[in-house]
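Order-wise, the sequence lines are chains A and B.
For this note's numbering, count along the first sequence from 1 and bump the result up by 199.
For this note's numbering, count along the second sequence from 1 and bump the result up by 199.
Honestly, the hints are just simulated from the structure, not real lab data.
Be careful, since some hints might not be right.
Chain copies aren't distinguished; within one or between two, either way the pair holds.
[Claimed, not checked] With a cut-off of at most 20 Å between alpha-carbon atoms, the simulated SDA-like pairs for lysine to any residue come out as follows:
hint, residue 1, residue 2
1, LYS543, ARG244
2, LYS352, ALA370
3, LYS543, ASP521
4, LYS543, ALA204
There are 2 protein chains.
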Amino acid sequence: MTFPAVALIGGGQLARMLQQAAIPLGVRLQLLADRDDDSAAQVMRDVQVGDYRDLDTLRAVADGCAVMTFDHEHVPAEHLRALADSGVAVRPGPDALVHAQDKLAMRSRLTAAGIPCPRWRRIDDAASLAGFAAEAGGWPVVLKTARGGYDGKGVWLVESAAEAEPVLAGAAARGLELLAEERVDFARELAVVLARSPYGQVAVYPVVETVQTGGICREVLAPAPGLRAGRAVAAVQVAMAVAGELDCTGVLAVEMFETADGVLVNELAMRPHNSGHWTIDGAVTSQFEQHLRAVLDLPLGSPRARAPAAVMVNVLGGAETDVYRRYLHCMAGDPELKIHLYGKEVRPGRKIGHVTVMGNDYARLRVRAWHAADYLSGAIDG
Amino acid sequence: MTFPAVALIGGGQLARMLQQAAIPLGVRLQLLADRDDDSAAQVMRDVQVGDYRDLDTLRAVADGCAVMTFDHEHVPAEHLRALADSGVAVRPGPDALVHAQDKLAMRSRLTAAGIPCPRWRRIDDAASLAGFAAEAGGWPVVLKTARGGYDGKGVWLVESAAEAEPVLAGAAARGLELLAEERVDFARELAVVLARSPYGQVAVYPVVETVQTGGICREVLAPAPGLRAGRAVAAVQVAMAVAGELDCTGVLAVEMFETADGVLVNELAMRPHNSGHWTIDGAVTSQFEQHLRAVLDLPLGSPRARAPAAVMVNVLGGAETDVYRRYLHCMAGDPELKIHLYGKEVRPGRKIGHVTVMGNDYARLRVRAWHAADYLSGAIDG
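Using the sequences and the accompanying hints, generate a full structural model.
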């Protein structure tokens, strides 16, 4: 059988879960990992260890593959352009991916397209920040680096010009661009995960509620409980507008704020995303299978949920390092629990896995999922 | 994290699907394959290529692993005993596995335990066969080699003593033991897949109907349509009796004949089995995850079906070798179809994959699953 191979850049847990989806598809992944023992490198045959910032390394991984895709958005845009120019099918393409790499590019483009965003401004100095704060209704405001932030890193809630000073100075010293955003008075955070193929087919998963703590996603409720139908439609329309406007291929996750008036786009990711991990167990087609189908320009699978409700909770590294012992207890206590571990060394606060439960009743599902996640991490002992 | 590793002997599609289950469990598989491009060898990091009939090779694969398990039942029993004697946790153990390797051992043991089997006899010559035929109600009878048969190989339906003659001569020439069984007048074939852990926990999947053509499983309906509750209980009791009697660990599949009076055991497999492939998509815990949990003596997962009905159809190699082109068509036509391909070269009649669909209505599910399987193999063109 002559099935295509996919070059996959980055060896984190997303790449690991892509391998789980690639096996039944019969699609071979060719991985570029940072280290030989990266999460995904543990579970694949074709692993190259190297630097994703090196163009020749990227070319070597692409060799013999039908398409190149990504576990993260850190590959330099100029390399992606060089690869695309030399005939490598890069998906998502560099002109799309820049909007997941650079928040200034993202805000400019979405605003120009009329897609609802928080008020924002590029910040060059204390004066431009003070001007924005006045215009946006006063302090606090959110300062973000345009590039390189994730899981709450590169984001500061600043209460005053004085508090912003070290952030501005630090960014200037490191040559980082900054933007400011209004602090949105949101009811909750939502996310829409969809996939879009080069052919233009789009498949959208049910809108979910995400719960963040300290900038890190902790919990996803799918679908978002009690979401009004009109609001769900609005959220999906916004996500589809983003996908079309940016010509995305593969999975796109659009994180949003739900406010009294509607939804505002918070962040974008152009790869499988934590807010879609519930789909492995909870949807007919997982976001990982869907991403592979999309980047290969295969027809997309059904994004239908397989149960009325699913709850996913991330397992963060904690005091406990012998997770296996705790694993037994969780399995014994809840035979319907789906545990996903990423093969990562335990470090405090690091995402080392997630758990998913499905059923009807959010309250009971949340108790089960949180109990398992807290028990695995060592936060509780019984 | 110090998670256990599992030594896995045999690189076929069952091993490949075990890897799919091992990834979220965080369990590392260490594979012994016949060839570097075996189905499972394509999707794992730790692959040794060697001969499973060589004890030193087996020892090398077991090194550093918590347990050894199998994709097939062909590892010589004396090697399994030697490994067990030297402290390797072999699961299923040699004293159980012999009953999946040797049909004479299986029939003797089950008959002694009062587990319902077809009438059978060990056959040493034409006279013992003639005697059995007379006793079993006349010709035809089924002749089987005690060892080495699969997918209809090593099984003959013989209509007369004359027809049996070349089979007896061939077996004598090759030193093979034979047994004869009555041809059972069955309504249909059923299978019970269960898992049993060393601790003694058992989890049983719903009883399924299997449809064989030419000795090869083609289709599985889960649960078996229209099965009377009492009959389902009887089938489960028989399978649990087999598992307990033989002290099985891991997945056990018991293939049965359903007759007017009850069920009779046909064949055993002590590994994930084709009659359980539907569980990947259709049950809370797949048979592959369950097998790993069982051999690691982890608590077992829920075997509950996730939909009222599932239909699995095997994809056999046919005239078409460009399966990928046909893949697109199947995905486009049926977005809920779950396709599983094994990365195998297409050869006529070879199992190269399977498809599963889930829903409510067997008639419609069967049309969808058969259409996809026939289209993928090239048996139909639209």
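Status of ALA204 relative to LYS543 across identical chains (alpha carbons, at most 20 Å): The answer is between: 15 Å across copies meets 20 Å, while 26 Å in one copy does not.
LYS352 and ALA370: within-copy, between-copy, both or neither at 20 Å Cα: Answer is within; shortest intra-copy Cα gap is 13 Å, inter-copy 72 Å.
Within, between, both or neither: LYS543, ASP521 at alpha-carbon 20 Å: Cα proximity of LYS543 and ASP521: one copy only (12 Å, versus 39 Å across).
Same-copy or cross-copy closeness of LYS543 to ARG244 [CA-CA at most 20 Å]: The answer is both: 18 Å in one copy and 16 Å across copies each meet 20 Å.
Consistency with the previously given hints is maintained throughout, with no hint failing.
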